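Protein chains in written order, with numbering that gives the first Met the number 0: chain A, 0 to 290; chain B, 0 to 365; chain C, 0 to 405.
Since the hints were made in silico from the structure, they are not lab data. The model shown is predicted, which means the values in this text are computed figures rather than measured ones. Careful: at least some of the hints might be erroneous.
Capping the alpha-carbon separation at 20 Å, the derived lysine to aspartate or glutamate pairs in EDC-like fashion look like this [unchecked claim]:
{"hint": "1", "chain 1": "C", "residue 1": "LYS128", "chain 2": "B", "residue 2": "ASP111"}
{"hint": "2", "chain 1": "A", "residue 1": "LYS117", "chain 2": "C", "residue 2": "ASP315"}
{"hint": "3", "chain 1": "A", "residue 1": "LYS126", "chain 2": "C", "residue 2": "GLU277"}
{"hint": "4", "chain 1": "A", "residue 1": "LYS117", "chain 2": "C", "residue 2": "GLU253"}
{"hint": "5", "chain 1": "B", "residue 1": "LYS178", "chain 2": "C", "residue 2": "GLU101"}
{"hint": "6", "chain 1": "C", "residue 1": "LYS255", "chain 2": "A", "residue 2": "GLU1"}
{"hint": "7", "chain 1": "C", "residue 1": "LYS127", "chain 2": "B", "residue 2": "GLU165"}
{"hint": "8", "chain 1": "C", "residue 1": "LYS228", "chain 2": "C", "residue 2": "ASP196"}
{"hint": "9", "chain 1": "A", "residue 1": "LYS126", "chain 2": "C", "residue 2": "GLU347"}
{"hint": "10", "chain 1": "C", "residue 1": "LYS318", "chain 2": "A", "residue 2": "ASP113"}
{"hint": "11", "chain 1": "C", "residue 1": "LYS127", "chain 2": "B", "residue 2": "ASP188"}
{"hint": "12", "chain 1": "C", "residue 1": "LYS311", "chain 2": "A", "residue 2": "ASP113"}
{"hint": "13", "chain 1": "C", "residue 1": "LYS128", "chain 2": "C", "residue 2": "GLU347"}
{"hint": "14", "chain 1": "C", "residue 1": "LYS272", "chain 2": "A", "residue 2": "ASP113"}
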Amino acid sequence: MELLLHQVMAGLATGGIYACMALAVVMIYQAIDHLNFAQGEMAMFSTFIAWQVMQWGQPYWVAFAAAVVLSFIGGVLIERVLFRPIHNAPVLSSLVAFIALFSILNSAAGYLWDYTIKTFPTPFGHKPLLAGLADTHEVGMIGVTLGLLGLLYLFFRGTRLGLAMRAAAANPESARLVGIRVGWMTALGWGMAASIGAVAGMLIAPVVFLEPNMMLGVLLYGFAGAVLGGLTSPGGAVLGGFAVGVIENVAGTFIPYVGRELKLTIALVLIVAVLMVRPSGLFGRSVVSRV
Amino acid sequence: MSPPADDIATKESVPFVAAAGAAAPAEALSGAATGWLAGRHLLIAAAIVVAALMPFFFKSFVTFQLTQVMVYALAILGLNILTGFNGQFSLGHSAFYGIGAYTAAILMHDYDVGYVWTLPAAGAVCFAVGFLFGLPALRLQGLYLALATFALAIALPQILKFGPLEHWTGGVQGLFIDKPDPPFGLPIDSDQWLYYFTLIVLLLLFLAVRNLARSRTGRAIMAIRDHPIAAAAMGVNSSLYKTLTFGVSALYTGIAGALGAIVVQFVAPDSFSFLLSVSFLVGLIIGGIGSIPGCLVGGIFVLYVPNIAESISRGLAGAIYGIILLIIIFVMPSGAAGFVRLANAWLAGKWRPNPTARSTLGQPRR
Amino acid sequence: MKQVTRRTILAAAPAVLTLAAIPARAQKKYGPGVTDTEIKVGNTGPYSGPASSYSPVPKSIVAWCKMVNDQGGVNGRKINLLSYDDAYTPPKTVEQIRKLVEQDEVLCTVGTLGTPTNSAIWQYMNQKKVPQLFVATGATKWDDPKGHPWTIGWQPNYQSEGRIYAAYLLQEKPNGKIGVLYQNDDFGKDYLKGLKDGLGEKKSMIAVEASYETTDPTVDSQIVDMKAKGIDVFVNTAIPKFAAQSIRKAAEIEWKPLHILSSIGASVGATLKPAGFENCKGLISDFYLKDPSDPQWKDDAGFKEWSAFFDKYLPDGDKLDAGNVAGASLAAMAVQVLKQCGDELTRENVMKQAANLHDVTVPMLLPGIKANTSPTDFAPLKQVQMARFTGERWELFGPLITGAVT
């Protein structure tokens, strides 16, 4: 029983990582109607930027702000330079562009900053809480994720800009007709997603250490969480992220024999099973198509 | 071209047209197209002759590379059947490739089955797995289906490494296969023989797909891609055809996997990671979704472009690879097949702006 | 610099060198890839893809050969090392190796990296009779002179390391409850097997076998599990990233087992510093190479030589990365083999000389550790020494140990 509690807590802590990533994933999905396969690498790159700024002797918050701002600019630029020209190309062609971006960022980071792991500081510290069940950073990370979620909710529901962005993503033609600059809304979506990714990266790096491949696994789980929760629902994605963390830990520990070696498989099978019942994720809207 | 035929040709939102033959009957309506078609047959015949002569002009290492290109082309064709014909999306084809490879390896290694017979066996096993996997796919669409197939790709290496199965799979150490000798005392070496063997299998399977595409079944499969609801209303048994397509797609990729195992003479779980699925997908898109010859272009891309990237800069091989990918997508947004189609249209003086502004999956872009 | 290198290597095996070199000088005999001015050698490694973090190994092999060339080469011939990317995927390795053998026509390969990748070319190299020299992997199977006379290993194998931990544990903590953290692939499972074999009938001491995948974000769950199950001996065979995570997590949840860290994750700079020195005190590990980030070597002649090499030939590299030490040491030993070949640079003689190393040492091997091979022994490095972390450096203790796995 105590072990179960421990594993659930550890699962929530790692789930916080996935939730953070899942939120960024859903965010860009909302803006561009695509899963961004390079999202993890963008977050990793942003985190390296922050690290580099700190290496140059700047304090944490300066580096943090620099990474968020630069990522926003970078996200907008990527949209304008890479994706704008091919936005008329077949859907799967942009998938290739994502894969290309992934490859470029990963390779460039390895070239610039090498592959040995680096520590990344956290503003929350690493003090144990609840008799070692969690630490201050993990709690802080979960807090920031939930805070971001709240802010996004307010932004999308309560501001004109947010509404315009939603409209641009949901129905570009109609949005254009009512005077929304759809292209810029998409670019803005990219920028915001890159910034959220940067925050996610900077929260994740203190746990998993900073290195060019740090996001590969996180992104897998982040996607799984986002899909489980529903790609159309930021709240669902966050919940999905936590759920994946807990499922994976509990399955890995308690399913005898196959548990540990196949834990990712088991987690994915469970998710697919859930999707069979709820094909658009737990909290996603189902798509209604018009004939 | 007469206006009606032209009209049909433009409506091929279906990129696959050119090769798969869906457009062929349409184009045959006009006399001009018939001449072109004859030219096309000539072209194919010439290509086959060139392919048959290649091993005599290159070192056996190049022959080996070309064999691998064909293997990848076949795997990509499998994915193409699913994506190009049926509009479903898979990140799990590395798993089918791996299952095919392991089926061949285990049969040859443990049961001394002749390599020729491992291909149908691998095909059958993969068809069964693919068909079963097609069942959940019925409920899932787009990215949700992508995740489900992705789960398969992630799971396979873990299952291959799994302790209790090590007896068959060789666990993390993998399995070795002996290279087959040429039969009937042919005066060629085993690399050349494997090349011809693969070429024959490839041609047979290409032909089979072409015929499938032209059949009633093929039209049903494509109707589901273009408009599922309309297809269902027309009485197409959508669930049956979707699962069937999944099975056939897996069968092709599985046979490719078996061939790949025989060619490389070694299987290990790490050969069949999720990244292989990504390679297939990239090859498919670069070649052109729905195009059968495009699969060969895809195979060439998958094999050679990483080598080119590496020769430019070793430290930044991954980045160069990404840049090459981007350039190709910028120049040929609908892949090689789409590019050829455009070039053809342009040569015929019929160029129209932007025929690519349609989704490959047959749905209007939002 | 130039003189130091020469002297070190020459001093290592003067007898061998003269014996082997003199008769060979008498007549020149060249295999593929050799001319009067050049020896062509091949290599593959993961320059791209998810295993690219191992790329310092092939990079430093290339750099070392460049240094040797700048110093005049091997018996007057430059080493032309062709190193290709295989992205750590076995089919790609086969392709690149066939290119090296059939198109570039190399004399031999050196330090091809990875267990699955080397496995894929194992048969090919032996059928083609091309020396697969000093593979950069610690699997046990490379030491097989009878079955695979053209493949020779290099580093102490993982299984023998596992046995060494077992021997240590049987002595230090015979009633311990062991938990093992291992990577779910060839090297992780080799460590586990070595440990189990070494424990013999006391195998039941292992209470938890926890694996991880390289895609796992963290290993927290495994650590929490071990603490909850009352494990008091933790055998940690993870790569640096996960080793550092587990050291930190263990400290965080105040779990203080006897913690054995495998040589794979024992780098001061790459693992212990990120994990926090205060959390690492008392760690036990074993070494055969000098850790470049360990301050105790800063005045060591071998380290200084390596360091000068690194600064000059790998200016963009990461000095903390132990891969740079392994690659350079491996290359130095390959150079030694080529030297021993004299003017008889045939594939047969390369294997003959590779199986004829006597007390060879290279700059970054631990003091006292020497490479030895014979026609029946294809495992050049067998010795390791245990060490305990004092809080800022590894303190070697006990004798050099030879793990006996053949």
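Now for the hints, and whether the structure bears them out:
Annotation: proposed proximity of LYS128 of chain C to ASP111 of chain B is violated, straight-line Cα distance about 26 Å (limit 20 Å). As the CA atoms of LYS117 of chain A and ASP315 of chain C are separated by approximately 17 Å, the hinted pair is consistent with the 20 Å bound. For a cut-off of 20 Å, the pair hint linking LYS126 of chain A to GLU277 of chain C stands: about 14 Å separates their Cα positions. Of the pairs offered as hints, the one joining LYS117 of chain A and GLU253 of chain C is violated, with about 23 Å between alpha carbons and a cut-off of 20 Å exceeded.
A C-alpha spacing of about 17 Å is found between LYS178 of chain B and GLU101 of chain C, which places the hinted pair at or below 20 Å, so the restraint holds. As the CA atoms of LYS255 of chain C and GLU1 of chain A are separated by approximately 19 Å, the hinted pair is consistent with the 20 Å bound. At roughly 29 Å between alpha-carbon atoms, LYS127 of chain C and GLU165 of chain B are farther apart than 20 Å, so this suggested pair is violated. Only pairs whose Cα atoms come within 20 Å are accepted, and LYS228 of chain C paired with ASP196 of chain C is rejected, the gap being roughly 23 Å.
Restraint check for LYS126 of chain A and GLU347 of chain C: the C-alpha separation of about 61 Å exceeds 20 Å, so the hint is violated. For the hint linking LYS318 of chain C to ASP113 of chain A, the alpha-carbon distance of about 10 Å falls within 20 Å, and the restraint holds. For a cut-off of 20 Å, the pair hint linking LYS127 of chain C to ASP188 of chain B stands: about 14 Å separates their Cα positions. Annotation: proposed proximity of LYS311 of chain C to ASP113 of chain A holds, straight-line Cα distance about 18 Å (limit 20 Å).
Taken as a hint, the LYS128 of chain C and GLU347 of chain C pair is honoured in the structure, with Cα atoms around 8 Å apart against an allowance of 20 Å. For the proposed pair LYS272 of chain C and ASP113 of chain A, the alpha carbon gap of about 16 Å is at most 20 Å, so the pair holds.
The structure shown violates the earlier hints numbered 1, 4, 7, 8, 9.
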